[in-house]
Amino acid sequence: MLATYQNPVYDYERSPDQDTDLVVHHPVIVVGGGPVGLAAGLDAGVHGMDVLVLDESNTVSVGSRAVCYSKRSLEIFNRWGCASRMVDKGVTWKVGKIFFRDRLIRQFDLLPAPGHEQPAFINLQQYYLEQYMVDRLRELDSAEIRWKNKVVDVTEEENKVTITVDTPDGPYSLSCDWLIVADGANSGIRSRMGLESEGQIFQDRFLIVDVVMKQNAPPERWFSFDPSYHRGWSTLLHRQADDVYRLDFQLGWDADPVEEKKPENIIPRVTAMLGEDVDFELEWASVYTFTCRRMEKFRHGRLLYTGDAAHQVSPFGARGANSGFQDIDNLIWKLDLVLRNEAPSSMLDSYCSERVMAAEENIMNSTRSTDFITPKSPVSSVFRDAVLELAEEHEFAQLLTNSGRLSDPAILVYSPLNTPDTDEFSGDMVPGAPLDDAPVNYHGEDKWLLNMMGGAFNLLYFIDNADDFDANHRSALIQMSQEPVPVIPIVVANRGGPIDEVTTVLDVTGMANQRFDGHSGAVYLIRPDQHVLARCHIFDMGSVSAALNRILIG
Amino acid sequence: MTLNTKTNFHQPETHFFRAYRAGDDFYEALINMHRGLSDEQSAMVNAKLILLLGNHIGDLSVLREAMNIARGSIGSEVHNETNLENE
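Just so you know, the sequences run in chain order U and S. Following the working numbering, the numbering of the first sequence begins with 1 at its first residue and continues without gaps. Following the working numbering, the numbering of the second sequence begins with 1 at its first residue and continues without gaps.
Next up, chain S with everything else stripped away, as it sits in the complex (with noise of 0.2 Å):
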């Protein structure tokens, strides 16, 4: 498996008529998650997310690649070794 980028949101059993409708739905889902958080309390609730995320996806090398790309832009690489692997 390798990592999805493309456009890929939706839900069981419904259609969207607009391309862009599930993931504004994501979106809003998201952004009212923190509503009335602190920044330290929205931090930790961000933290869980992508911990019970990574969980769910699973697969270490599709986590790899996403830590790559959420890091690329501040640089230098996310290490293999020291992170996540341990074989």
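If we strip away everything but chain U, and leave its shape as in the complex, we get (with noise of 0.2 Å):
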């Protein structure tokens, strides 16, 4: 029993699909009530598209368990309405110290440019966010979330899924066009299609506690290499919501997780870490190990492979839920062009392909943490004692440190989606890269650039001066507004305007024409999620419909 937090219980009802002999259809179902799921509940919700969310349980998740939520994944949250309630409640923070041998070897900025509107991460136990998760869903009309729901049986046709549903009153079927599966690490729809997730599994056990104290220690992230108090070790301290600290305890293969669970070893561990004279209750307690594996393929025929299903990380670098939800977001924007046929099912291919390249990058970079953290060999403990020693003073040293690269959005560079650049440009836009942020003003209003796009495709234009714009391309760009998939314009000005009819804003800073290389003429396509899809120096209607030709046909 936890003291700063009671789980809200959320019952059961009986749906009227289980009072019927058909059986009932829907387009979208989603199979998991956990973050991914009701991520893709909110995503599906928001688009307007009927979404159905089954959860076995009947309560948000139980103990803190995954605690850092990055930038990205708040300026999705935003997109669904529900961040700031999150950022509210969380500990922000930006700042991450590393400790070798009780000395302090690196200190580092996560935020690394200003202008920004979401942190770079907050901490914040798992309940609150799915607890925030459900209380957004039950806003939307088009989603609807079922407990003590739980998915036994599924069969794939030709043209839909059906699958057969365990309640307090017995089972009874659904049939769905698209099955999202979120049902976590250990899938057991997964496991019942036969299908694997293959990779690593690492010889090492670590102990998290969560602990109530009253020390109002700042907010940052401090990790230990082979502190005094836990020798030949790592710790881990971070701050959560309500005064609750995490404390992470590296413990080696050899541990027994029985024992070390008990509060009375844990206890010891705790005061040699924070000090005798440090008052502190125990909350929650945990011994686990980890493993870095993924699916081969995240899309089997109509069923989508998502979050923990689909992949699997270290924890070091919080890649784990976060990069359930950009699956989420990549995912739903296609699903509702397939599901409104503007789209053909096979682009629902580029969700695998993309996040596939996605996993195998939080994969290979956990991985690399985990093997810093935890070396395998003599010679890799001396390489990663070196880098330690030679960190306090040199520069280079303190870059290779590795305690977890956290999490940063997938740059879909490779993304079959893309249109490859013909003119050059300089930063980080590419094409495939999730979008910078930048302060702008609309209407006389400080906004951010993020708040007034996505969801639909947009179209950023960039101009000196919005009074000289040329009419022929506003005309353009109305009609692109108005066609069957809209592409919403947004000119981004450095002075005049606003343009009629079209959503105008100024670049008050003049950092969004920097991050973007965005000189006078030049036009950014952007996709739903907010990734750059393709890019010219001359805005021309034909190059546009080009690209998104490129995804829509294929």
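There could be a bad hint or two in this list.
Unchecked claim - Per label pair, the in silico range of CB-to-CB distance:
no., chain 1, residue 1, chain 2, residue 2, range
1, U, 263, S, 6, 43 to 53 Å
2, U, 553, S, 50, 53 to 63 Å
3, U, 6, S, 70, 53 to 63 Å
4, S, 39, U, 268, 32 to 42 Å
5, S, 10, U, 4, 45 to 55 Å
To be verified - The calculated lysine-lysine pairs, modelled on PhoX-like cross-linking and capped at a C-alpha distance of 25 Å, are:
no., chain 1, residue 1, chain 2, residue 2
6, S, 6, U, 97
7, U, 376, S, 48
8, S, 6, U, 94
9, U, 89, U, 447
10, U, 214, U, 261
11, U, 214, U, 97
12, U, 297, U, 160
13, U, 261, U, 89
14, U, 160, U, 150
Note that these hints are calculated values from the structure, not bench results. Backbone N, C-alpha and C define an ideal beta-carbon position, used for all residues, glycine too.
Reconstruct the complex from the two isolated chains, following the hints.
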């Protein structure tokens, strides 16, 4: 029982779907009501798609579990209408400190550039995150969640998927066009379909402990290699909401997980770390091992695997849940186009290829962190300690110090959807890149660029003086915004405007121009998930249509 | 030339989007180089690697500076006369 949080209980409600002899059909069903399944419900619901989420439990996460949520995740949540509650409740942090044998060897700031609405990271217990997601989901007309609904059988047919769902009232059947599988690392659906997630199990154990203390320690991530209170191992200290602190102790493979979880064994470790004079109460503890693995493909016919069900990483770097939200952000707009018959179902293969690339990158980074934190051989221990010794004074070794490469969004440079550049641009906003944010001014009000877009295709059109905007281009932009697959234009100007019937923002700080190399006339075509699709120096309707057709026709 | 201890890992015609990436690529390659070797073999491989890199860098003043830093935490400076110089 937690002292700071009481899990909500969501009642099982009998659905009319259970009172008919027919198998009721839903376009999209999501299996699993964890963070990633709820994300699928939210994104689909915000798109106005009919979506049904089935969860076998009747509450949110038991225990704090994943606590670290990235700027990119918050940008996505912001589009779904629930970021501010998370940011308000969570602990905002951006400074990481790394200690080696009790000495501070590196301090880093995770938000390298100013001018982003969302913080680099927040720490928030998973139960709060899920609870806020459930609250938001219930506000959406086209989204529904059913508790105590456990999917026990899946049959894929040519035109649909039929599932059997177990409930307190007994089983019933449903069918759907698309089944989003978000039932976690030990995915029952994955096993049932005879599929595997393959990779590497690491021979190490970690104890995670949540303690409550009124210490008011700074909201920073403290990672310690070989501290005097836990010789030979590493530890992590991180602050969460409600004066709860997350402590992580590396224990090694030989540790006994049952013994280590006993309070009488935990308390001395915590006291050694925090000091004799610090009052704390144990809140929650768990001993875990971890795996880096993924499925070969994330799309199997009408089943779309997401989150931990599709890929799993070690926890260093917060690349688990954060990548799951990106899966959903990547998937739902494509599914929306397919359901509206605006794109062929083969478009969903790009969900697989893009997110497999992202998973590969996440697995690579988290494996490298794990190898650094737990060296596998005497020679790798020597190199690791040599890096740490040099890091106190030498910049190159500070950057080699790897206590977790914290989640950054995938840059989909190899995506088949991208239109390769023909014009030259500087900066990182290449086709496939997730958009950088920038402060802008809209009708005299301060806004954020990312909040002006998303959910549909956007065209960013940079111009020096909006008063000089080409009338033909303006007509073309307005026409594009009225097509069956609309492209909503946003003109980013240094001055002038607003342009009649076209959203016009002023780049008051010049950050948008700088980040996008947005010299006058340059245009960027942006996907609904805010990744760059194509860009060129001079607008022409033909190029924009070609870039769109590349993904809509294939 | 003085020894560069700023971050310097790079690769021709490759743009690294993340500051840590090139260094992590190097470090992984370094650790992989030792995979399956005995401690003795590893020491030999390390020695060869240092010799190869030493020759590639060539500039004795840079190499001496690196040696001093490497030895630094253990104490007692690398002596120029006995180690490298033969003027």
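Do the hints match the structure? See the list:
no.: 1; hint: U:263 with S:6: 43 to 53 Å; in the structure: holds, 48 Å
no.: 2; hint: U:553 with S:50: 53 to 63 Å; in the structure: holds, 57 Å
no.: 3; hint: U:6 with S:70: 53 to 63 Å; in the structure: holds, 56 Å
no.: 4; hint: S:39 with U:268: 32 to 42 Å; in the structure: holds, 35 Å
no.: 5; hint: S:10 with U:4: 45 to 55 Å; in the structure: holds, 47 Å
no.: 6; hint: S:6 with U:97; in the structure: holds, 19 Å
no.: 7; hint: U:376 with S:48; in the structure: holds, 22 Å
no.: 8; hint: S:6 with U:94; in the structure: holds, 23 Å
no.: 9; hint: U:89 with U:447; in the structure: holds, 22 Å
no.: 10; hint: U:214 with U:261; in the structure: holds, 23 Å
no.: 11; hint: U:214 with U:97; in the structure: holds, 21 Å
no.: 12; hint: U:297 with U:160; in the structure: holds, 20 Å
no.: 13; hint: U:261 with U:89; in the structure: violated, 28 Å
no.: 14; hint: U:160 with U:150; in the structure: holds, 19 Å
Consistency note: the structure conflicts with earlier hint 13 alone.
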